[in-house]
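Enquirer: Take a look at the letters that make up each chain.
Number of protein chains: 2
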Amino acid sequence: MNLIPIDDPKDPRVAAYLDIRERDLVGRHGRFVAEGKVVLDLLLSSGRFAAESALILENRLAGVQEILRKAPPEFPVYVAASEVMDRIAGFHMHRGILAIGMRGDPVPAEILVETLPRRALAVVLVGISNHDNMGAIFRNAAAFGADAVLLDQTCCDPLYRKAIRVSVGAALKVPFAAFGDTGTFTATLDRLGFGQFALSPGGNVDIRAAERSARLALYLGTEGEGLPRDLLARLQTVRIAMAEGFDSLNVAAASAIALHHFSMASDPQNDPTSRVAATL
Amino acid sequence: MNLIPIDDPKDPRVAAYLDIRERDLVGRHGRFVAEGKVVLDLLLSSGRFAAESALILENRLAGVQEILRKAPPEFPVYVAASEVMDRIAGFHMHRGILAIGMRGDPVPAEILVETLPRRALAVVLVGISNHDNMGAIFRNAAAFGADAVLLDQTCCDPLYRKAIRVSVGAALKVPFAAFGDTGTFTATLDRLGFGQFALSPGGNVDIRAAERSARLALYLGTEGEGLPRDLLARLQTVRIAMAEGFDSLNVAAASAIALHHFSMASDPQNDPTSRVAATL
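Each protein sequence line maps, in turn, to chains A and B.
Taking full-length UniProt numbering, the leading residue of the first sequence gets 1, the next gets one more, and so forth.
Taking full-length UniProt numbering, the leading residue of the second sequence gets 1, the next gets one more, and so forth.
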């Protein structure tokens, strides 16, 4: 392992880690910050993004040794004491595990969807601008085996540090790409044989009655505005039935229900003849 | 409406609002802080908790007038300019809508469950210590018509300001109560005819095959530890099927899926003979 002690917070070798909180939103020359043990593990093992380096608090090194061995032997692992690390990051890093990943060249959504298998579940996000929701949707997408997440131009960045953290690393695993015009992209999915459902509180069909097609695209919009009207007019709309008087569901919770419904991780037990009663 | 201008941040009439961020966790003599328009509305309209007063930023007053009319005419509405309000709250209150609610005498969980109807859905939480998760679970409980949330001694406070906010006010609507020993409480639910399911990643039954009984209790545990082993050994356990290689689901997302499954807000369309295909 290529361990490199860092004593000076201004050491140019750790420049990519400087003031990570403040610089989060302005981009970092094609880089992103991964944080925490589980996320570091996914970065080094999923292979979707190249890792540039890691910065580890000295007393956390033993705990991540196994994970760091997944990187090539020359992979730089910067090691710092708590005070130095806090001054690099710009705030108190109690977790003490950071890494820099490389974004690589973005693949257009139109190309990504071309490469999906005959049986595929794609999540299409329109206007998801909250990083917690973005991260949670990616976590659900990974949990239920979605093959890709496609984002319109108004979505926030899934590789923002907090989005990656909330996703528990799923943003580093599930392929994603951005598209331009939503109408054009819908036509592309149609041409590729994707059945398309738009999730909406006023949807025509209860999601429990929505049939899974081999290739399926599920559209999710913001909580406030919802999906654009012209899009809802063109697609089959599905709703999640709720109790009267409190029909309010977080978009990430809605994605969990919808992706679970359409998931390929289906269990053959989902058969009314084999229902199981509760403990009584 | 009883509008009372406040010019001095140290005015004793607004003492309950002082430094709300710092004092959040230490309790406030039987009070809680409600924040934001939707939460204020639920506080004044659900009737579950008494409201003591409101503190409104002067330029937000017009926007909440309709809501404030739901309170009795003598209900004190303190009105402050931005600078005064920030100094009272101890940080910048860009929303500018606060209220104080009264907790009232806590009802033991054993009493609350006695009062539930013949057909009832109860959520039993064990060790949910994160306020975001607590709020999100309450939001899902309200969305899917759960009749009560029952909490063990290690759960965090649903009336913590952030939990209320994340719940979009559901913590002020869905009845909740705390119980002591989990084993004893399980026996109480059993005696009252509740079927009981424990949600667990290693559960025996896929949740889609889990049958709804008229009275049903759904147990949810922490993400890390999960539900205690002795509890899992006594109850019928259900799992949410996930994709291989990323079997990680947030407890609030899991609650959304499970409550949607058991929800009484069922739609008759959930019938395989009436399945609806996607737009193609």
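Please note that the accuracy of each hint is not assured.
Because identical chains share one entry, a pair is satisfied inside a single copy or across any pair of copies.
[Claimed, not checked] SDA-like, lysine to any residue: derived pairs with alpha carbons at most 20 Å apart:
1. K10 - G203
2. K37 - E225
3. K37 - G245
4. K162 - D132
5. K162 - N130
6. K10 - D190
7. K162 - G90
8. K70 - G245
9. K162 - F246
10. K37 - R191
11. K37 - R60
Read the hints as simulated data drawn from the structure, not as lab findings.
Fair warning: this is a prediction, and the values are worked out from it, not measured in the lab.
Enquirer: Go through the copies and call it for K37 and R191: within, between, both or neither, with a Cα cutoff of 20 Å.
Expert: Neither way: K37 and R191 sit 41 Å apart in one copy and 45 Å across, limit 20 Å.
Enquirer: Quick one: K162 to D132, C-alpha cut-off 20 Å, is that within a copy, between copies, both, or neither?
Expert: both (7 Å within a copy, 15 Å between copies)
Enquirer: Classify it for me, K37 with G245: is the Cα-Cα distance of at most 20 Å met within a copy, between copies, both or neither?
Expert: Between copies only: 16 Å across, 42 Å inside.
Enquirer: At most 20 Å between CA atoms: does that hold for K37 and E225 within a copy, between copies, both, or neither?
Expert: Classified as between: cross-chain Cα gap 17 Å, same-chain 36 Å, threshold 20 Å.
Enquirer: For K162 vs N130, is the C-alpha pair at or below 20 Å within one copy, between two copies, both, or neither?
Expert: Both, since 10 Å and 17 Å are each at most 20 Å.
Enquirer: Checking an output row: K162 and G90, CA cutoff 20 Å. Within, between, both or neither?
Expert: Classified as within: same-chain Cα gap 16 Å, cross-chain 26 Å, threshold 20 Å.
Enquirer: One pair to classify: K10 and D190, alpha carbons no more than 20 Å apart. Within, between, both, or neither?
Expert: Neither. Shortest intra-copy (52 Å) and inter-copy (63 Å) distances fail the 20 Å Cα cut-off.
Enquirer: With 20 Å as the alpha-carbon cut-off, assign the pair K10 and G203 to within, between, both or neither.
Expert: This pair counts as neither: shortest intra-copy Cα distance 55 Å, inter-copy 51 Å.
Enquirer: Taking 20 Å as the upper bound on the Cα-Cα distance, should K37 and R60 be classified as within, between, both, or neither?
Expert: So K37 and R60 pass the 20 Å test inside one copy only (10 Å; across, 44 Å).
Enquirer: When Cα atoms must be at most 20 Å apart, do K162 and F246 count as within-copy, between-copy, both, or neither?
Expert: between (29 Å within a copy, 19 Å between copies)
Enquirer: Treating 20 Å as the Cα threshold, decide for K70 and G245: within, between, both or neither.
Expert: Classified as between: cross-chain Cα gap 17 Å, same-chain 51 Å, threshold 20 Å.
In this structure, the hints that do not hold are numbers 1, 6 and 10, in rising order.
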